[in-house]
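Based on the sequences and whatever the hints tell you, model everything.
Residue numbers (the working numbering), protein chains in the order written: chain A, 33 to 534; chain B, 1292 to 1586.
FYI, nobody ran anything at the bench for these hints, they're computed from the structure. Think of the CB as a built atom: it goes at the ideal place given N, C-alpha and C, for glycine as much as any other residue. Among the hints, a few may not be true.
To be verified - Here are some, though not all, of the chain B residues that point toward chain A, as calculated from beta-carbon distances under 10 Å: (1) Tyr1376; (2) Gly1475; (3) Arg1516.
Stated by the list, open to error - For lysine-lysine, the following DSSO-like pairs were computed, each having C-alpha atoms within a straight-line distance of at most 27 Å: (4) A/Lys250 <-> B/Lys1317; (5) A/Lys512 <-> A/Lys495; (6) B/Lys1580 <-> A/Lys91; (7) B/Lys1581 <-> B/Lys1568; (8) A/Lys445 <-> B/Lys1518.
Claimed, not checked - Here are some, though not all, of the chain A residues that point toward chain B, as calculated from beta-carbon distances under 10 Å: (9) Ala45; (10) Asp73; (11) Asp78; (12) Ile84; (13) Val106; (14) His123; (15) Val125; (16) Glu338; (17) Ala350; (18) Lys406; (19) Asn457.
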Amino acid sequence: MDTIISIELGTNAVRVYAFDLKGQVLAFAKGAYPTFHPFPDYSEQDPEQIFITMLFVLKNLLSEKIHPKKYKVVSICFSASMHTLLTVDKHGVPLGPVMTWADSRSKAEAKELRNAPISEKIYQVTGTPIHPMSPLVKILWLKAHDNETFRDTVKFMSLKSYIIQQLTGACKIDLSLASATGLLDIHKKVWDETVLAYAGIRVDQLPDPVSISDTCGKLRHQYRVSLGLSADTKILIGSSDGCFATLGAGVWAEDMATVTIEDSAAVRVVGTTVLMDKDQRLFNYVLDDNHYVSGGPSNSGGVIFEWFAKQFGDFKEAYDLEVCIEDLMAEAAGVEAGSERLLFLPYLLGERAPIWNANARGVFFGININHERKHFAKAAIEGILYEMYSIQRMLQNHRNIKQISVNGSFASKPFVTQLIADIFNLPVSASSNVSSVSLGAYLLSASELGIYNGITEAAKTIKLAEPFKPNKYHNATYQKYYAIFESLSGKLNSDFEALAML
Amino acid sequence: MKQFVLQQGTSPELRSFPDIIEIGSKKNISIHLGSMPVLAQEFLRVYCVLEGKFEWQLQGQRFVVYPGDTVLVLPNQVFGSTKGYLEIGTIAWLYLNVTRRENGNLCWGAWSNLTENERQTISNIMLLSRTVVPSRVEETVRILRALQNELFNHEIGFHTRIRHLLDELLVLVTRQLTKQSHSGRDFPKIFLQLEQRLRENLFHQWSVEEMAATVGMGTTHFNERVKTFTGFTPTNYLINIRISESIKLLRKPELTLTDIALDTGFYSSQHFSTTFKKLTGYTPSEFRKKGSADS
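Next up, the structure:
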């Protein structure tokens, strides 16, 4: 039997899935790697550790679950988190660790660029909001603060490009990841000379941008031998986690959106046109020749509720966060919509969409002597979801969204999915347990193998689960609370700023 | 606790216990200049505070100790009162004959019933610990008090009982060292601390028991958590870090394969080669020749 492998190079771990040709999962394995924060605002990872972890997990999965059953690996498809930056020298050796999307050391550069006249043009051409996450802004930081590395850099790579180069020798970047660098003209799908000049780099310092279905050469002989793969195993470069998650969620119509809530979160739509937001709040990333994935990313996902649980939950057994979270949610379920006039702004990590304020902070508002832990728990969850709703409302300016598909470990908990339906006032389907990212990778791989006639047809094979229907009564309450949430989230900017200046 | 001081060589009570260098308890009511200078100290010293507030320093790090705090001073560490004298208050202490081997490890006498493995782990945890003051080790006071009773009263079995108490002291202080700042809530956070510890001491032959103890967990629970969190067994996770580091070192032509193997914690260049090849398909020297930019 033939098998299709998907490798997700995520923020915290590599996840490897093996699918049969019909998209059923045959095997799964993961391996985690750490993020280091040597200074405040720094988020770094070790490229070699990620490479070795990937190799280790893949090798174990193949030798334990695939080879013994005589499955034949026909293709391996990659996905990765966006906005990573790795500098390498002329020997291809990394000059430092990988900067992840969460690295915000370039706050000052982002602010300066955002206020410069050229920012409008850069946003229109590249589709990437100007923010410390953007590799463009990271490069500006390097130029200003680590000029030695900047000068010695022969290639500015994404993490995935580096991994692929280790495996096959090709120096490429897929258009999805390229379109999240702030350096690519997303309309013409080439590196933009004007932006590159602004960053002070040349086209030859970047990997070649290629379509997500590009095969990046053959696996080096040694890896073929150690992994037990044949020479004709196709290596597909694949896409970004965000683009694949949207494809894998089966959201393939203009009136649908996906809400992804893992640690971080995003609301996304797919379409054939670029969505331009006059306040530069939406991203537009390239999926394939005809499709863009647009939306808004938020820092305030499941990680915020995890924080709450770690601080205030009961740990019956040491380190058993999952059980602690479940208990808190069960408690919260007993609280009425609106948490009895308690609201929460979830900006514990600053925020991207829709307010794009790195200095924003969390707020509980409306605390009363009668409030108990369960009210805070419920308010925390509602706050996270109001924030998602505010992104959906931005998208609603461009699209008439009638249905939501949710994925990610936080959003797909039934209690949370129902709340999303109630707050958004829309039917909400939750994806099955399989990672939407890898399902997206499967759909692309299967299309390339000719099983589907293109990804549009492939995406339509995803059956959405029976949706959670909104409770009209709760929605009426949530509309009133949301108005206060929105008002609060816009009011505190000068105070957040003042707090950051202390 | 009554005031008393027993010293090896002068106090007959210690004659049968040559490894107890000094044990005592003192209520200090007046200041004597120069009574507690900052010096490199011999032996393993355990101090616990019963009354008062003391400003001390250990290895250049200043801190304040309060009743209930225990301070652990390892052989050769520089320790003393920041003001140079013992302040007003009550303390109890024990100096135990613990020395350093040539490789830096701590070793103590045959009186101890701890196994070789346990000794090794305790030594490593003590040496690696960045915590100076394990606070709230009320157990220390209880043990010192019990030692005092046994030494003075000579009840049946006191020889054995004293050796047990000393072992217990070593074990409890070590456990407390590992438990500092770990609330039992944030596994990713303590795992990251462990990862940093492993990377700083990659040359060390870590056992799973030691890794678990470093983050204050039992081995079984630790194994389970690491597997769920990382997808790897602790041993495999460590191999992962060793290989990742070795890749960086292989790019430095001035280092020999044996240097790299030992720096990254492999037993030998042979062990390094086998593990490296099993994972990557390349031997270390092939990997080195290949560079990484070829196409």
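Checked hints:
Given hint, B/Tyr1376 at the interface with chain A, is violated; its Cβ is 40 Å from that chain's nearest Cβ, farther than 10 Å. A cut of 10 Å between beta carbons decides the hint on B/Gly1475: the least distance to chain A is about 4 Å, and the hint holds. About 6 Å separates the beta-carbon of B/Arg1516 from the nearest beta-carbon of chain A, less than 10 Å, and the hint is met. In summary, the hint linking A/Lys250 to B/Lys1317 is not supported, as the alpha carbons are separated by about 76 Å, beyond the 27 Å threshold.
For a cut-off of 27 Å, the pair hint linking A/Lys512 to A/Lys495 is broken: about 34 Å separates their Cα positions. Among the hinted pairs, B/Lys1580 with A/Lys91 is consistent with the structure: their alpha-carbon atoms are about 23 Å apart, no more than 27 Å. For the given pair, B/Lys1581 sits about 14 Å from B/Lys1568 by alpha-carbon distance, which is consistent with the 27 Å threshold. Pair hint A/Lys445 plus B/Lys1518 holds up; C-alpha atoms about 24 Å apart against a cutoff of 27 Å.
Given the 10 Å rule on beta carbons, the hint for A/Ala45 holds: about 7 Å separates it from the nearest Cβ of chain B. Given the 10 Å rule on beta carbons, the hint for A/Asp73 is violated: about 17 Å separates it from the nearest Cβ of chain B. Taking 10 Å as the C-beta contact cut-off toward chain B, the hint placing A/Asp78 at the interface holds, the least distance being around 6 Å. With a cut of 10 Å, the hint placing A/Ile84 at the interface with chain B holds, because the nearest CB-to-CB distance is about 5 Å.
Hint status for A/Val106 relative to chain B: violated, with the closest Cβ pair at about 21 Å, above 10 Å. Here the hint on A/His123 is kept, as its CB sits about 5 Å from the closest CB of chain B, short of 10 Å. Annotation: interface hint on A/Val125 holds; nearest CB of chain B at approximately 5 Å, less than 10 Å. For A/Glu338, the shortest C-beta to C-beta distance to chain B is roughly 9 Å, which falls under 10 Å, so the interface hint holds.
Contact between A/Ala350 and chain B, as hinted, is supported at the beta carbon level, the nearest pair being about 4 Å apart and thus within 10 Å. A distance limit of 10 Å between C-beta atoms decides the matter here; for A/Lys406 the minimum to chain B is near 19 Å, and the interface restraint is violated. With its C-beta approaching chain B no nearer than about 36 Å, A/Asn457 sits outside the 10 Å limit, and its interface hint is violated.
When held up to the earlier numbered hints, the structure conflicts with 1, 4, 5, 10, 13, 18 and 19 and fits the remainder.
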